[in-house]
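Chains A and B, in that order, give the protein sequences. Under the working numbering, the letters of the first sequence match residues 1 to 145, in that order. Under the working numbering, the letters of the second sequence match residues 1 to 151, in that order.
Mixed in with the good hints there might be a few duds.
Facing chain B, according to a computed beta carbon distance under 7 Å, are these residues of chain A, among others [claimed, not checked]: (1) H6; (2) S7; (3) I9; (4) I97; (5) G102.
A short, non-exhaustive set of chain B residues, derived as facing chain A with CB atoms under 8 Å [what the hints assert, rightly or not]: (6) A7; (7) A9; (8) L59.
Derived from the structure by calculation, the hints contain no laboratory data. Each residue gets a CB set at the ideal place from its N, CA and C atoms; glycine is no exception.
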Amino acid sequence: MPRVFHSAILKPSPDQVWQVLRDFGGVHRWLPGIDRCDVENGQQGDQVGAVRHLVTRDGSRFRERLLALSDYDLTLAYAIIEAPLPVSDHLAEIRVIPVTEGGGSFVAWAAEFACPDGDHDRVTRFMLDEVIRPGLAALERGLAA
Amino acid sequence: MIRASRAIAIAAPVDTVWQALRDLGGLSAWHPAVARCEMLGTPPDRVGALRRVQTRDGLSMDEELVAMREHEHRIEIRARAMPFAVTEVWQALCVFGVVEGGGSLLLWEMRADAVAKSRAAVRDWFADGYMPAGLRGFARHIAPGAMNDFI
Numbered sequence: 001m002p003r004v005f006h007s008a009i010l011k012p013s014p015d016q017v018w019q020v021l022r023d024f025g026g027v028h029r030w031l032p033g034i035d036r037c038d039v040e041n042g043q044q045g046d047q048v049g050a051v052r053h054l055v056t057r058d059g060s061r062f063r064e065r066l067l068a069l070s071d072y073d074l075t076l077a078y079a080i081i082e083a084p085l086p087v088s089d090h091l092a093e094i095r096v097i098p099v100t101e102g103g104g105s106f107v108a109w110a111a112e113f114a115c116p117d118g119d120h121d122r123v124t125r126f127m128l129d130e131v132i133r134p135g136l137a138a139l140e141r142g143l144a145a
Numbered sequence: 001m002i003r004a005s006r007a008i009a010i011a012a013p014v015d016t017v018w019q020a021l022r023d024l025g026g027l028s029a030w031h032p033a034v035a036r037c038e039m040l041g042t043p044p045d046r047v048g049a050l051r052r053v054q055t056r057d058g059l060s061m062d063e064e065l066v067a068m069r070e071h072e073h074r075i076e077i078r079a080r081a082m083p084f085a086v087t088e089v090w091q092a093l094c095v096f097g098v099v100e101g102g103g104s105l106l107l108w109e110m111r112a113d114a115v116a117k118s119r120a121a122v123r124d125w126f127a128d129g130y131m132p133a134g135l136r137g138f139a140r141h142i143a144p145g146a147m148n149d150f151i
């Protein structure tokens, strides 16, 4: 099962970073390349079980479900349930750890998924280069998309 | 319940940090507040291992390794005998890789129960003294020549 892991220490405070990340339905306000994000069925964007419908700049559509949110541990988990990628059994987790000695926020972003062998590299590159790395860079820049 | 969490960036790879961390008997080599650390008759990396920690401020603590997760680079420790009026002390230390920029993050978490009148003192001793001093000492020990962020 392919696994993607990326992490960085960002300058903004853990509270600033977490307030952005925990707004699952507001991802289009900070993640580069997302034009629209609508939360289905009138649910709140930070409600566990909520499904967000994303439209990317190139018109691709994704549906993702929020599986877990902890304000105590600064973690959230979500799954891609529909995507223009050959991916199944997807699970991603994001964790924020306050760097108390030195300052800033450690952010770890991990994902596991199943996909046909021949697509591993392409899907892994997509997740790292189109989602995770630009996402962490946007959080670092001050949360502007 | 008392809860504290402290973390530091270390200019060394995860494996280097983990090898030092998993050696339970090596505490006095890196923790500046620890005068002596003695294993009590068990291999230092075996779950169930006991160590006696004597701090420079004269405290003695017996600690048991209750979990080691090699694949997560994480150890968990429970106090068997403490000098404070505490009923439970649990600590976890975990290493994460910092992919962007390199190096590692060392996270030290503590949870404890104590009677009301000593709760603040126990919390302060760990969260504002023992834990940050240990993390800074660890960073200096592992990467003495490096520009660790704050030293």
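Item to check | Unsatisfied constraints (hint numbers, rising) | outcome: Violated hint: only 8; rest satisfied.
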